[in-house]
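S.K.: One letter stands for each residue in the lines below.
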Amino acid sequence: MIPDDLLYTKTHEWVRMEDDEAVVGITHFAQSQLGDLTFVELPKVGDTVTAGEEMGSVESVKAASEIYSPVDGEVVAVNEELADTPEAINEDPYGEGWMVRVRVTGGQPSDGLLTPEEYAELLEE
Amino acid sequence: MTDAALSTTPLTARHQALGAKMADFAGFLMPIQYAGIIAEHTHTRTRASLFDICHMGEFLIAGDAAKAELSRVLTHNLETLAPGRCRYGFLLNEGGGIIDDCILYCLAEDHYMLVVNGARVQVDREWIAARLHQAHFEDVSDDTGKLDLQGPASLEVLEALLGQSLRHIPYFGFAQLEWQGQPLLVSRTGYTGELGYELYCPADQAGPLWDALLVHEAVKPAGLGARDTLRLEMGLPLYGHDLDEVHTPAEAGYGGLLTSNADYIGKARALAVREKLVGLLLDGRRSARHGDAVLLDGVQVGVVTSGSFCPSLNGAAALAFIQADKAGAAAYAIRTARAELPAVPAELPFHKTGTARIKLT
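Protein chains in written order, with this note's numbering: chain C, -9 to 115; chain Y, 32 to 392.
If a hint is listed, it holds; no wrong ones were tucked in.
Per label pair, the in silico range of CB-to-CB distance:
id : chain 1 : residue 1 : chain 2 : residue 2 : range
1  : Y       : His164    : C       : Gln23     : 47 to 55 Å
2  : C       : Gln23     : Y       : Pro233    : 33 to 41 Å
3  : C       : Met7      : Y       : Glu378    : 51 to 59 Å
4  : Y       : Asp174    : C       : Gln23     : 33 to 41 Å
5  : C       : Thr38     : Y       : Arg388    : 53 to 61 Å
6  : Y       : Ala161    : C       : Met(-9)   : 51 to 59 Å
Calculated from the structure, these hints are not laboratory results.
C-beta: ideal position from N, C-alpha, C; glycine also.
Please take these sequences and the hints and turn them into a complete structure.
M.R.: Written out as structure tokens, the structure is:
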């Protein structure tokens, strides 16, 4: 459950680079640890996000967790569907459960992100 | 995750084989969820779920002095508790604070079973045993298996298993039956708000009974996660969260249960009300959690004792202790770790259409 065409963070977000935009969500591992998600708080279109800094949060029946931006940039789209159907993150974390699309600014986004192999190693630790 | 210091139940290996997420509850390694809390919650409200509740404690109290001596230790009115019936009530300290909430079964005029919270077995045992003088007291927690079968389909499932009608058992009534030649106490009680049964058997029968009930197509296993959302929707308190040694039964909303004429420990203070346990509905899906502050006009007037997203409400609800003179307000705010959430008081239960009390005869 670690797609090989994505990059990852140590805090269990995933990133799909599409030209200069990054699509961001949380990983299968993250959703399985949280359990049934019930609430998602995301930034707004136009917000500036910073790599490694909090950009939102998710809540499940039993837990809550911050979401950290994997990249520097400006939010250009938000998955508004998640407000009413946060379970999409449980069911399809890398597809329908995407959270935000960020236009990346600054340096190479891959700096500090984990390859699929590195993320798999992190989960084994 | 497995901690060698945690106790197990006769069913622990079965939970692990089913892929349950396990965690510490009351010192036991218990299943929190199997398929997912929301799916298990919904299945309980619509069909039937099977819960491992072996962590709870069972005491037997017997003898000619049992009724009189128990009447001085428990709030339960034993004068009106007939054989075949059970009743909810409290074990109080001298100050009227709740040591535990418990269900007392009248097995016979001189023979009672008291069912207590898993985390309180030792405290309760020491408190009660020290205050019984002639009655015989026995802690049979380790020898007793407890499975809860809860949901609208639970009656047909149990009747099929036992090959007999159970419709004569009223709400808060029970029958002492047999299954596979072993004793089985079938109690029409539960913690979910649905028609359901709590089943007590010898500990070594818990595994076979679990397996036999899960064979039924209506039955799925459910964990303590769903048990918690189900009970919260019913406004039922959980010891250690909504009940504690500081608050009285009246503060928790159970003053009306205190009908015993006996001079039980804590009676003089049991009706004292400094705070009130209030049900709160939140505006939206975001949850308040245990310990969050309840604000009125920006000033803290209470604290959340339980809070969760509630699947049958499709929104969040909470229980909170609020200062008695501030407990009648029309609206509050709850300060969570991340936000201030509007909340309005609601009549309990939050979930109005539970099947627990339906008439079967």
